[in-house]
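**Student:** Single-letter residue listing:
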Amino acid sequence: MSKHLEERIFVGLMIASTIVVLGSLVLILATVVMKGLPALNLKMLTQVPKGGYYLGKEGGILNAITGSLALAGGATILSYVFSLAVVLYLHFFAQDSRFVYLVRLSLDVLWGVPSIVYGAFGFTLLLLLGLRASMLGGIVALALLELPILVRAMDEVISMVPLELKEASYALGATRLETALRTVVRQTVPGLLTASLLAFGRGIGDAASVLFTAGYTDRMPTSLLRPVASLPLAVFFQLGTPVPEVQERAYASALVLTIIILIISLIARLLTRRLTRHVIH
Amino acid sequence: MSEPLIQIRGLSVTYGDRQAVRDVSVDIPARQITAIIGPSGCGKTTLLRSISRLIELVAGVRVWGQVIFQGQNIYDPHVDVTEIRRRIGLLAQRPFPLPMSIYENVAYGPRLHERYNRETLDAIVEKQLRAAGLWDEVKDRLHTSASALSVGQQQRLCLARGLAVEPEVLLCDEATSALDPISAQRIEGRLLELKADYGIVLVTHVLRQARRLADYVVFMYMGELIEHGPADQVFRNPQEVKTRAYLEGEFY
Chain A
580 MSKHLEERIF VGLMIASTIV VLGSLVLILA TVVMKGLPAL NLKMLTQVPK GGYYLGKEGG
640 ILNAITGSLA LAGGATILSY VFSLAVVLYL HFFAQDSRFV YLVRLSLDVL WGVPSIVYGA
700 FGFTLLLLLG LRASMLGGIV ALALLELPIL VRAMDEVISM VPLELKEASY ALGATRLETA
760 LRTVVRQTVP GLLTASLLAF GRGIGDAASV LFTAGYTDRM PTSLLRPVAS LPLAVFFQLG
820 TPVPEVQERA YASALVLTII ILIISLIARL LTRRLTRHVI H
Chain B
112 MSEPLIQIRG LSVTYGDRQA VRDVSVDIPA RQITAIIGPS GCGKTTLLRS ISRLIELVAG
172 VRVWGQVIFQ GQNIYDPHVD VTEIRRRIGL LAQRPFPLPM SIYENVAYGP RLHERYNRET
232 LDAIVEKQLR AAGLWDEVKD RLHTSASALS VGQQQRLCLA RGLAVEPEVL LCDEATSALD
292 PISAQRIEGR LLELKADYGI VLVTHVLRQA RRLADYVVFM YMGELIEHGP ADQVFRNPQE
352 VKTRAYLEGE FY
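As they're listed, the protein sequences go chains A and B.
Here the working numbering is used: position 268 in the first sequence is 847, and no number is missing along the way.
Here the working numbering is used: position 251 in the second sequence is 362, and no number is missing along the way.
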């Protein structure tokens with residue numbers, strides 16, 4: 580077999596793989612848009628489910644949209660605070676390199692844990708504390724899910740900071756904490772923001788971890804201690820009904836979720852461009 | 112020679128298994144420019160960075176011996192390292208402005224150490240930007256990003272930033288090597304002015320620069336101190352064979 584033929588075969592396989600990947604993405608989006616768009620209207624976005632909604636009557640999924648934003652937003656803020664502390668500790672204070680290695684390894688393991696496990700753990704925690712499914716429970720479970728993603732992504736971002744920049748701060752007599760907060764965090768704002776939006780995207784799309792912990796309700800989210808609706812579960816419940824109109828609404832809900840994630844990604848890009856003004860390359 | 116600014120005694124530095132500086136003892140004179148010269152990899156940068164304990168930022172580094180600054184060994188465990196670094200400033204090889212505005216870059220150091228009101232801070236920023244010879248070029252855009260400045264301007268900004276914490280010594284680590292000739296000349300001019308008020312130690316691999324600036328010369332080779340003395344003496348009449356060979360360009 581000639582070398583040229585060999586190369587052609589492999590290039591052909593690579594192109595085929597790329598087409599399969601891109602094709603599935605296009606198919607998924609097309610399905611959601613084609614099945615969801617007809618059912619999507621203003622009422623769906625501005626109303627909560629009314630009586631008989633799940634049989635095809637009036638109402639919308641505003642409860643799930645606001646619920647999901649609250650859950651993922653709360654979880655991202657919560658895990659951001661913890662992640663930043665962990666990452667800055669690893670980079671500026673931890674002396675024992677074996678300990679640092681162990682922390683990174685555990686986070687990689689946690690990254691691979693299925694989200695239903697976080698859900699089950701969160702549920703056990705709620706029972707232990709004598710609480711029921713609530714927004715708080717959902718936020719905690721989602722925060723646990725987002726934590727390894729956020730820590731590892733921030734870890735990468737902080738690793739990219741040139742030593743000379745830190746040195747510039749130390750050379751002026753800054754402490755490690757001052758260098759971390761006043762220079763390194765400022766330098767990495769775009770990266771840290773992108774990391775948290777990535778985590779937000781992961782959190783808002785997850786169904787299993789909020790299934791037991793956040794519960795579901797047709798009401799708007801009002802209290803941290805009450806159950807809250809979410810878009811992934813809205814998709815799940817509506818798709819599970821035998822009524823075709825409601826199934827269409829499931830696709831519409833999935834479309835809404837997709838659009839939210841799209842908007843988040845766009846905001847991330849725009850913000851990154853604005854915030855890199857001061858960043859040193 | 113009058114009272115030395117810094118006394119280095121038996122200083123050795125290793126990175127893991129590699130010995131970068133071996134048993135160096137030398138006095139750095141006050142109010143003069145001391146140039147550490149030698150071929151690349153001779154340990155001159157390591158020696159320079161040992162003087163402000165910035166060397167400790169490198170992973171796996173170990174330091175033995177003493178660096179005595181104003182009667183105190185800076186490696187003494189009771190010493191506040193941030194105070195040492197404030198009093199012994201650094202101008203690095205490549206300018207690294209902090210990710211903030213020109214004004215905030217200069218104000219960064221003073222803000223770390225004290226709470227100043229706006230007017231005092233404004234005055235400090237103006238004074239140090241003038242001292243670094245940058246004020247006229249940036250006075251109308253103090254609040255724009257420092258990263259937009261040219262490399263030469265950035266280096267003068269770093270000089271102003273370093274001066275703003277009122278150090279007593281300024282360490283320059285090949286501070287002009289990344290600059291164009293005109294910018295380099297400006298920095299050199301500033302250093303010659305500043306030596307009236309600061310002790311200046313610079314590392315350079317450009318012999319002509321050492322001849323232009325240095326009052327005192329320290330020659331290093333393979334991690335060891337070979338020769339040191341007043342610049343005239345070392346350049347005109349080196350005592351050691353290695354120094355003579357280096358000055359005559361036999362190795363770099």
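For the record, the hints were derived by calculation from the structure and aren't laboratory data.
The reader is advised that the hints may include incorrect statements.
[Said to hold, decoys possible] Heads up, simulated SDA-like pairs for lysine to any residue below, C-alpha to C-alpha not over 25 Å straight-line:
hint, chain 1, residue 1, chain 2, residue 2
1, A, Lys-622, A, Arg-765
2, A, Lys-622, A, Leu-744
3, A, Lys-622, A, Leu-604
4, B, Lys-238, B, Arg-173
5, B, Lys-250, A, Phe-816
6, B, Lys-250, A, Arg-761
7, A, Lys-614, A, Glu-827
8, A, Lys-582, A, Gly-602
9, B, Lys-238, A, Ile-843
10, B, Lys-238, B, Thr-193
11, B, Lys-238, A, Leu-818
12, A, Lys-614, A, Arg-761
**Student:** Mind listing which of the numbered hints don't hold for this structure, in increasing order?
**Tutor:** 1, 2, 3, 4, 5, 8, 9, 11, 12
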